[in-house]
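K.L.:
Numbering-wise (UniProt numbering), the sequence shown opens with residue 1 and increments by one.
Just so you know, the hints here were simulated from the structure itself, not pulled from any lab data. All residues carry an ideal CB built from backbone N, CA and C; glycine is no exception. There could be a bad hint or two in this list.
Stated by the list, open to error - No farther apart than 27 Å at their CA atoms in a straight line, the calculated lysine-lysine pairs in the DSSO-like style are these: (1) Lys-160 with Lys-148; (2) Lys-95 with Lys-296; (3) Lys-249 with Lys-213; (4) Lys-169 with Lys-249; (5) Lys-232 with Lys-296; (6) Lys-232 with Lys-249; (7) Lys-296 with Lys-169; (8) Lys-249 with Lys-168; (9) Lys-296 with Lys-160; (10) Lys-95 with Lys-213; (11) Lys-160 with Lys-213; (12) Lys-148 with Lys-168; (13) Lys-169 with Lys-148; (14) Lys-95 with Lys-249; (15) Lys-249 with Lys-417; (16) Lys-213 with Lys-232; (17) Lys-160 with Lys-95; (18) Lys-296 with Lys-148; (19) Lys-169 with Lys-232.
Stated by the list, open to error - Distance ranges between label pairs, derived from CB positions: (20) Asp-394 with Glu-174: 47 to 53 Å; (21) Asp-104 with Gln-211: 37 to 43 Å; (22) Thr-334 with Thr-247: 24 to 30 Å; (23) Asn-418 with Gly-255: 39 to 45 Å; (24) Asp-104 with Ala-218: 39 to 45 Å; (25) Thr-334 with Asp-104: 43 to 49 Å; (26) Gly-105 with Gly-135: 38 to 44 Å; (27) Lys-232 with Ala-208: 15 to 21 Å; (28) Pro-125 with Ser-257: 20 to 26 Å; (29) Gly-105 with Thr-375: 35 to 41 Å; (30) Gly-149 with Glu-128: 18 to 24 Å; (31) Pro-364 with Val-214: 24 to 30 Å; (32) Gly-251 with Gly-105: 33 to 39 Å; (33) Ala-208 with Asp-138: 40 to 46 Å.
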Amino acid sequence: MDGFDQNGSGPERPATNEDGDDIDELNEEDIVQIVPLEDFLAADGRILEESADNDDDDDDDEIEDGDMDHDGEEGEEGPSDEVDDAMLTLRGHSKDVFSVHAVDGLLASGGEDDHALLWSLSDNPPAEPQLVVEGHSDSVTFVRFNSKGTLLASGDMSGKIIITNVAKKERVAEYEDMTDLEWLQWHHGADILFAGGGDSMVWMWLIANGQSKVFAGAGPGCTTGCLLPDGKRLLTGYEDGSVRIWTLKDGTHSGLSGAQGHVGPVVSLDAHPTLAIGASGGQDGSVAIFQTDSGKITSVLRLGPRVSKPQSEEEEEEVVSTEHSVEALAFAPTLPWLVTGTNSGSLILWDLNTGAARQNLQHPNGVVKCLWTDTHTLLSVGLDGVSRLWDARDGHVIHEWHGAGQEIFDVTFNPTKNLIATGSRGGNIRIFQP
């Protein structure tokens, strides 16, 4: 399921359906559909309509608390009296944990302490990491395994990327080609790594032979990227609100056409696993739905007040600081559904065939990330330190796990072990079991 981690890698996904049979309703007219949310959102972006009540009664929890630390959490914030439902807490980092990724029996983490750690989930419990990846010179903001789980890529804010052989625990390669790393993702079928940075460049490294390729930008930083399911094309988003579709073989690209998509940076991207549809989320609170074969924008969803194109640097600054930034996007594995999450707490499930909101899910604080654990089950994490598992069919909360009130910066789901791992403030990695 980490294939829906928009900056991560995952199992190989099916080829895109270029026939578009399931998206006729999106292609019938050239008129772009603008979907307002005035009926659901207040002026500050909060959801007005209450959804299913959350059950905070700890007596219903299925997790045993034998491994829980009742003495409070260690870390820079000191002890906490908040509820902690973790079945296990890993404390190998001395500062905040920004990135986590799990595959098979392995877990990787990256933190503000300039370290990437490799953990074994086979040990019970894994008190110490198997490996500390040394050599990073800034906060490690991305850790990602390749699709086979044999290589680990760790990248820090300065742009330095280290590739580690997991079995041998040896460094395979090191790259310092980039400036200000913004995103990192493996190819889902080969040992090829992609990354984008603040200098607008997108890099592609073929790990086996050491070759590299650059997809040059036109000035604005490349803020996010997403490999398309066919494995031959790449989506990239930029600070100026533009989105490009790159052909990996020849390095050519095309932009999106149709209505105005975003005013300000693109902060999230995703592509549907089986349909030729992509989505981009903007810091201005807009979501553009487009065809990945033609680049045509078919609809624009507004998750906050409409933002006009800035006419001055002062106005541009206001756009950048908007509170409705679409931080999370995730298409459902098989159904024509898209979930969007904003830092104002809006978590909405959309029906792509109708362009309407199917479910309004109650999220009291900013949404950091969301991903699908199966065809109809959604996992979301937020700034309130709570991990929530939802049934997307009716919008009810299946389970909640509290993490001592510490902000969550990343989450990963390991289907092999049926485990959820979160990276949090204070250097804590919490393990939960659905």
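K.L.:
If a hint holds in the structure, say so; if it does not, say that too.
P.N.:
A quick look at each hint next to the structure:
The suggested pairing of Lys-160 with Lys-148 holds, with an alpha-carbon distance near 23 Å, which does not exceed 27 Å. Among the hinted pairs, Lys-95 with Lys-296 is inconsistent with the structure: their alpha-carbon atoms are about 43 Å apart, more than 27 Å. Under the criterion of a C-alpha separation no larger than 27 Å, the hint pairing Lys-249 with Lys-213 is consistent with the structure, at around 10 Å. With a C-alpha separation of about 32 Å, the suggested pairing of Lys-169 with Lys-249 is violated against the 27 Å cut-off.
Straight-line distance between C-alpha atoms of Lys-232 and Lys-296 comes to about 19 Å, which keeps the hinted pair within the 27 Å bound. Restraint check for Lys-232 and Lys-249: the C-alpha separation of about 7 Å stays at or below 27 Å, so the hint holds. For a cut-off of 27 Å, the pair hint linking Lys-296 to Lys-169 is broken: about 45 Å separates their Cα positions. Between Lys-249 and Lys-168 the alpha-carbon distance is near 32 Å, which puts this suggested pair outside the 27 Å criterion.
A threshold of 27 Å between alpha carbons decides the hint, and for Lys-296 with Lys-160 the separation of about 35 Å lies outside it, so the pair is violated. Proximity of Lys-95 to Lys-213 is assessed by CA-CA distance (about 34 Å); at most 27 Å being required, the pair is judged violated. Distance restraint check for Lys-160 and Lys-213: the Cα-Cα separation of roughly 16 Å lies within the 27 Å cut-off, and the hinted pair is therefore satisfied. Distance check on the hinted pair: Lys-148 and Lys-168 sit about 15 Å apart at the alpha-carbon level, within 27 Å; holds.
Between Lys-169 and Lys-148 the CA atoms are separated by roughly 15 Å; this keeps the pair inside 27 Å, and the hint holds. This hinted pair does not check out: Lys-95 and Lys-249 have alpha carbons roughly 41 Å apart, beyond 27 Å. Only pairs whose Cα atoms come within 27 Å are accepted, and Lys-249 paired with Lys-417 is rejected, the gap being roughly 36 Å. Only pairs whose Cα atoms come within 27 Å are accepted, and Lys-213 paired with Lys-232 is accepted, the gap being roughly 14 Å.
The straight-line distance between the Cα atoms of Lys-160 and Lys-95 is roughly 19 Å, inside the 27 Å bound, and the hint therefore holds. Between Lys-296 and Lys-148 the CA atoms are separated by roughly 34 Å; this puts the pair beyond 27 Å, and the hint is violated. Between Lys-169 and Lys-232 the alpha-carbon distance is near 30 Å, which puts this suggested pair outside the 27 Å criterion. With their beta carbons about 49 Å apart, Asp-394 and Glu-174 fall inside the hinted range of 47 to 53 Å.
Checked against the hint of 37 to 43 Å, the pair Asp-104 and Gln-211 fails, with Cβ atoms roughly 28 Å apart. One distance hint, 24 to 30 Å for the beta-carbon pair Thr-334 and Thr-247, holds here, with the actual separation near 27 Å. The hint said 39 to 45 Å for the Cβ distance between Asn-418 and Gly-255, and at roughly 41 Å that hint holds. Checked against the hint of 39 to 45 Å, the C-beta distance between Asp-104 and Ala-218 comes to roughly 40 Å, which is consistent with it.
Separated by about 23 Å at the C-beta atoms, Thr-334 and Asp-104 break the suggested range of 43 to 49 Å. In this structure the supplied range 38 to 44 Å is violated for Gly-105 paired with Gly-135, their Cβ-Cβ distance being about 25 Å. In this structure the supplied range 15 to 21 Å holds for Lys-232 paired with Ala-208, their Cβ-Cβ distance being about 18 Å. About 53 Å separates the C-beta atoms of Pro-125 and Ser-257, a value inconsistent with the hinted range of 20 to 26 Å.
At roughly 25 Å, the beta carbons of Gly-105 and Thr-375 sit outside the given window of 35 to 41 Å. At roughly 20 Å, the beta-carbon separation of Gly-149 and Glu-128 lies within the given 18 to 24 Å, and the hint holds. The beta-carbon spacing between Pro-364 and Val-214, approximately 43 Å, falls outside the hinted interval of 24 to 30 Å. Here the CB-CB span from Gly-251 to Gly-105 is close to 38 Å, well matched to the stated 33 to 39 Å.
Distance hint check for Ala-208 and Asp-138: the Cβ-Cβ separation is about 27 Å, which falls outside the suggested range of 40 to 46 Å.
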